[in-house]
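Student: Modelling step: build the complete structure from the supplied sequences, incorporating the hints.
Read top to bottom, the protein sequences are chains P and L.
Here this note's numbering runs 651 ahead of the position in the first sequence, where the first position is 1.
Here this note's numbering runs 277 ahead of the position in the second sequence, where the first position is 1.
Take these hints with a grain of salt, some might be off.
So, partial list: chain L residues that the calculated Cβ filter (under 10 Å) puts toward chain P [as the list claims (entries may be wrong)]:
| hint | residue |
| --- | --- |
| 1 | G337 |
| 2 | S398 |
| 3 | R400 |
| 4 | T401 |
| 5 | L410 |
| 6 | D412 |
| 7 | S429 |
| 8 | G557 |
| 9 | L576 |
| 10 | T581 |
Cut-off 25 Å, straight-line C-alpha distance, at most; resulting in silico cross-link-like pairs (SDA-like, lysine to any residue) [what the hints assert, rightly or not]:
| hint | chain 1 | residue 1 | chain 2 | residue 2 |
| --- | --- | --- | --- | --- |
| 11 | L | K550 | P | A746 |
| 12 | P | K946 | L | K683 |
| 13 | L | K555 | P | S830 |
| 14 | P | K788 | P | D726 |
| 15 | P | K788 | L | V648 |
| 16 | P | K805 | L | K652 |
| 17 | L | K555 | P | Y798 |
| 18 | P | K805 | P | R841 |
| 19 | P | K788 | L | K555 |
| 20 | L | K555 | P | D732 |
| 21 | P | K903 | L | H506 |
| 22 | P | K805 | L | A408 |
| 23 | P | K903 | P | S830 |
| 24 | P | K805 | P | S823 |
| 25 | P | K805 | L | P682 |
| 26 | L | K550 | P | H719 |
| 27 | P | K903 | L | A684 |
| 28 | P | K946 | L | S367 |
| 29 | L | K555 | P | K901 |
| 30 | L | K652 | L | R567 |
| 31 | P | K901 | L | A421 |
| 32 | L | K550 | P | Y747 |
| 33 | L | K555 | L | I499 |
| 34 | L | K652 | P | Q689 |
| 35 | L | K683 | P | D887 |
| 36 | L | K550 | P | D732 |
| 37 | P | K946 | L | G337 |
| 38 | P | K946 | L | S449 |
| 39 | L | K555 | P | Q838 |
| 40 | L | K555 | P | Y747 |
Think of the hints as simulated: they come from the structure by calculation, not from any bench.
Beta carbons are placed, not taken as given, at the ideal position from N, Cα and C, and that holds for glycine.
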Amino acid sequence: MSESTTTESTMSESTTSLMFHKTVLDNGLTIIGEHNPQAQTFAAGYFVKTGARDETDEVAGVSHFLEHMMFKGTDKRSADDINREFDELGANYNAYTSDERTVYYGSVLPERRAGLIDLLSDMMRPALREDDFAVEKNVILEEIAMYEDRPNFKVFEEGNRRFYQQHPLGNSVLGSPDSIRNLTRDQMLRYFESRYAPDNLVLSVAGNYDWDTLVAQIAALTGSWQPQDTARRYPDADPASGHVRLENDKLKRAHVALYAPGFSVQDDNRYAASILASCLGDSSGSRLYWALVDKGLVDSAMISHDSADHAGNFFGYLSAAPEALDDVMEILEQTLQGVQDEGVSAEEWLRAQRKLATSLTLRGETPFGRLMSLGSSYQYLQEYHSVQHVIDRLMKAAPSDLDSFLATRPFDRLFSVTLTPPVTPSAS
Amino acid sequence: MSERIYQTQLSNGLTLVLEAMPWLPSASLKLTLPVGAATDPEGQEGSATVLHDWLSRGAGGRDSRQLSDAFDSLGVRQGGSAGRESMSFSASLLADTLPDALRLYADIVRRPELADDEFVSARTTAEQELASLDDSPTQRLFLALSRTLFTSGQGRSPYGTEAGLAALSAESVRADFGRRVSPQGAILSVAGGVTWDDLRATVEESFGDWAGDGVPIPEPSIVTGTREHIDSDTSQTQIGVAYEAVAPGDEGWYENALVNGVLSGGMGSRLFKEVREKRGLVYSVAAVGRTVRGLGYTLGYAGTTPERADETLSVLLHELERIYDEGVEADELERARTGILSSLVMQGESSGSRADTLGRDIFLFGRPRPVEQTKEAIAAITVDTLNTFLANRPRPEFTVLTLGPKAVTRHAVEAL
Chain P
652 MSESTTTEST MSESTTSLMF HKTVLDNGLT IIGEHNPQAQ TFAAGYFVKT GARDETDEVA
712 GVSHFLEHMM FKGTDKRSAD DINREFDELG ANYNAYTSDE RTVYYGSVLP ERRAGLIDLL
772 SDMMRPALRE DDFAVEKNVI LEEIAMYEDR PNFKVFEEGN RRFYQQHPLG NSVLGSPDSI
832 RNLTRDQMLR YFESRYAPDN LVLSVAGNYD WDTLVAQIAA LTGSWQPQDT ARRYPDADPA
892 SGHVRLENDK LKRAHVALYA PGFSVQDDNR YAASILASCL GDSSGSRLYW ALVDKGLVDS
952 AMISHDSADH AGNFFGYLSA APEALDDVME ILEQTLQGVQ DEGVSAEEWL RAQRKLATSL
1012 TLRGETPFGR LMSLGSSYQY LQEYHSVQHV IDRLMKAAPS DLDSFLATRP FDRLFSVTLT
1072 PPVTPSAS
Chain L
278 MSERIYQTQL SNGLTLVLEA MPWLPSASLK LTLPVGAATD PEGQEGSATV LHDWLSRGAG
338 GRDSRQLSDA FDSLGVRQGG SAGRESMSFS ASLLADTLPD ALRLYADIVR RPELADDEFV
398 SARTTAEQEL ASLDDSPTQR LFLALSRTLF TSGQGRSPYG TEAGLAALSA ESVRADFGRR
458 VSPQGAILSV AGGVTWDDLR ATVEESFGDW AGDGVPIPEP SIVTGTREHI DSDTSQTQIG
518 VAYEAVAPGD EGWYENALVN GVLSGGMGSR LFKEVREKRG LVYSVAAVGR TVRGLGYTLG
578 YAGTTPERAD ETLSVLLHEL ERIYDEGVEA DELERARTGI LSSLVMQGES SGSRADTLGR
638 DIFLFGRPRP VEQTKEAIAA ITVDTLNTFL ANRPRPEFTV LTLGPKAVTR HAVEAL
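Tutor: Listed below in C-alpha cells is the structure:
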C-alpha cells in the first residue's frame, strides 16, 4: 500500500458539521472529500484533467470515445460486469467529456460506498479490447448523427471552432465521423497512457464516509499506478469577432451562438461576470428576456458566463424565425451596448445575486451536487470552496468590479455564428 | 418518514401537502391546477398554454415587470408549464421567503391582470414555441405518438396548433380562465425547511377564500396497434413505441415499475445491453412508464441512422415482447429493485423532487405516497410474483411511429 504524503482537514467556516479532507498519494493521485454526517447518500467521481482541448487533429474525439471505452471492461471485469455492478450498487452514475475534463461519477447509499470506489477505480485502468473498440465506434457515430439533428447543439460546435480559431478550445468534443472512423485502438491507448496518470487525476467524494477507511481502500486500489508528469498546453487565444452565417436547408429556424471575451477560472472577476451575465440573459427577468422573449420575438434567448482553465468568455444562444433574425440581432446589439455604456442598476445586480445564491444553495444540498462543484473547482485551483464561501464571494461582488473590463468595450468584439435555412426574399 | 408528511384539504377544494425537511435551508413548491390541453375548448387548442403564460404577466396590481422583479428580489427560481392534463407553477427558494412567494402565486391564480397587450405577447410566445418544434425531431415524434395513441383529449399537444392559437382572443382566454382556473382539484405541494403550522396559516390566509368550480378532466382512452411513418430529412430515424400498462393505483403498479427497471433501468438493463452494447445500433434507447390520470402506458424509444433502423426496431420490439413471454431472472429483479430503492433515497434529499413527486402523487393517486410505503411495496415483490404478473398481463399491442428519411420494417431477430 502506498503511504499518503499529505493529509489536511478543514472545518468549513459556515456549517460546523461539514468537513473538508485532502490526501495526496505518493503517485500523485489527489483525493478530496467534503464530509456531511447528515447526508443520506455518498457520491464519488474521478476528474481527469483531459478533454477535447488536449487532443491533436489526428485523434479528434479521442477523449470522448475513450470515455465510452472505459465502461467496456478491465483485466478483472467485462463490460457486462461493469454495467451489472453499477446496477447492483443502485448507483446513479454516468460520465461526461468536455473541452476541459472527463469525469466518471456515481452516487450510492452509504453502505455501498466501498463497492462504488472499487468499481470506479478499476475502470480507470481499462482493457481497451479491439472488438469492443469496433462495436463502440458505431455507438459514437450514432451519437454524432444524433447531434446532427440538434441545431441548438450543432451551432456551438460550428461556433467554438470559429471563435477560438487555432486555439484548442475550439476542438470538437465528439470529433468528426472521419476522425472517429480513422482512429485506431493504439492511438487511443497512447492517449490514455499520457492523460490518465494518477498525477493528472482528482478523486472527489462527498457525503457520508470515514476518511481513513476510504483513503486506505483507494491507496490499495491505485498504488501501482505510475505518475507521468502530464502537462496541458496553454497557447494564447486570439478569439474571432464578427458574424458568420451558415445556411442549411434542412432547418426551419435560425439558431445563433454568441461569444464575447470573459474571465478564466483563475480570475476572481468571474463572480461579477456571472452576475452580469444573469442581468443580461437569465431565463427570467433579464434584459434579453424583456427585449426578446417577453415580446415573442424569439423562442429562446440566453446569455451565460463560462470560466475555463486560463480562458473564459460570455456565451449565448438565440433561436428565432429566420425572417426575424436581422431585427433580433439588432436588439441584441443594442442591449449589449446599453450595458456596456451604462452598466446595470444596483437593483438589477442584487436580484441577479439573489437568484444565483438560491441556485447555489439548492445545488449544494445533495452529495451529488457537491461532488461536481468540489471536483471541478479543486482541479482548477487546488482550493476548497464551500457553498457558503462561493455565496459570500458572489454577494460581495460589485458592479464596479467590472468597470475597467467594460471600459475595454468587450461587446464590441461580439462574435456570432448563425445556422439558418436560406431566407427567400419576401414579395414586397 | 411518514410522520413528516402533512396534508389537508381546504373547504374550497384546494389540497395542501407538506413534506417537512427541517435540515434544509431551502424549500420548493409546486402549484398544480387541473387545467391542460385535454380540456382546451374545441377549436382553441393551446388555450391552456397561452393562459399559463398570460397569468404570469402581471397580477395583484403589479404589471408584468413588477411581478417578475418581485419574484427575482426574493431570489426565487421559477419553473412551470402547461401540459396535457394540468398546468403548474413551481419555485425553489430560500425557506424564509416562502410566505412572500406564496402570496405572489395567490395573486397569479386569483388576481391576474390579463391585460390585452400582454395577451398578444403571450400568444406570440406560444407560436414561437410551436414553431421551434420544427427543428426538434425527437419532440415531434413523441407529440405525434401521443396524438396517434389517445382517442381522448389527452392526446392533444400542449403546444396547441397553429389554427387553435390563431383562433384565440383575449376575450376567449379570459373566459377560459373564469371557467377552468379554480381551487377544485388544485394541489399545492411543498417540501423543505418549513413548518406545517406556519405554512398552513399562510395558505389559509392567501388561498382560503378562493372560490370556483373548474372543469373535470375527461376519462382517458387509447387505441393501440397503429403503425405510422412520418417522412423527414433527418440524420437519424426516430423510433417511438407505445403500449398500455398498469394505471396509477391499480394492482400491479409496482410490478410494472420493476418491469420497466429490468427493461431500461441502468446500463445493465435489457434494452441497453441488447440494442446498444451487443449490436452498437444506437446511442440512445429506453423504455419509460408514463401516466395520465386513470391510465398508464409505456413509451419505448430508439434513435438510429436510417440503414440500421429496421434492425433497431426489430430488436427493440423483440425485447419488449420477450419479457412478457419469458419473464425475468432473479438477478435482474434484484438490480431493478436496488435501482428504484436507491433513487427513492436520492430523491428524498432534494426539496424540488419531493415537492414535484408529492404534487404528482396527489394528482394521480389521490394521496401522497410516503417513501417508506413505496419501499415496502417494492421490497415485497418476489421473482415468482413478478413473473406471475407478467404471465397474466396481455402481450403488449404496440403503436409504432417512426420519423426519418425512409419507412421502417420489422423483421425476425437472431439472438447474439
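Student: Against the structure, test the hints numbered earlier, and report the numbers of the ones violated in rising order.
Tutor: Numbers 1, 7, 9, 12, 15, 16, 18, 23, 29, 33, 35, in rising order.
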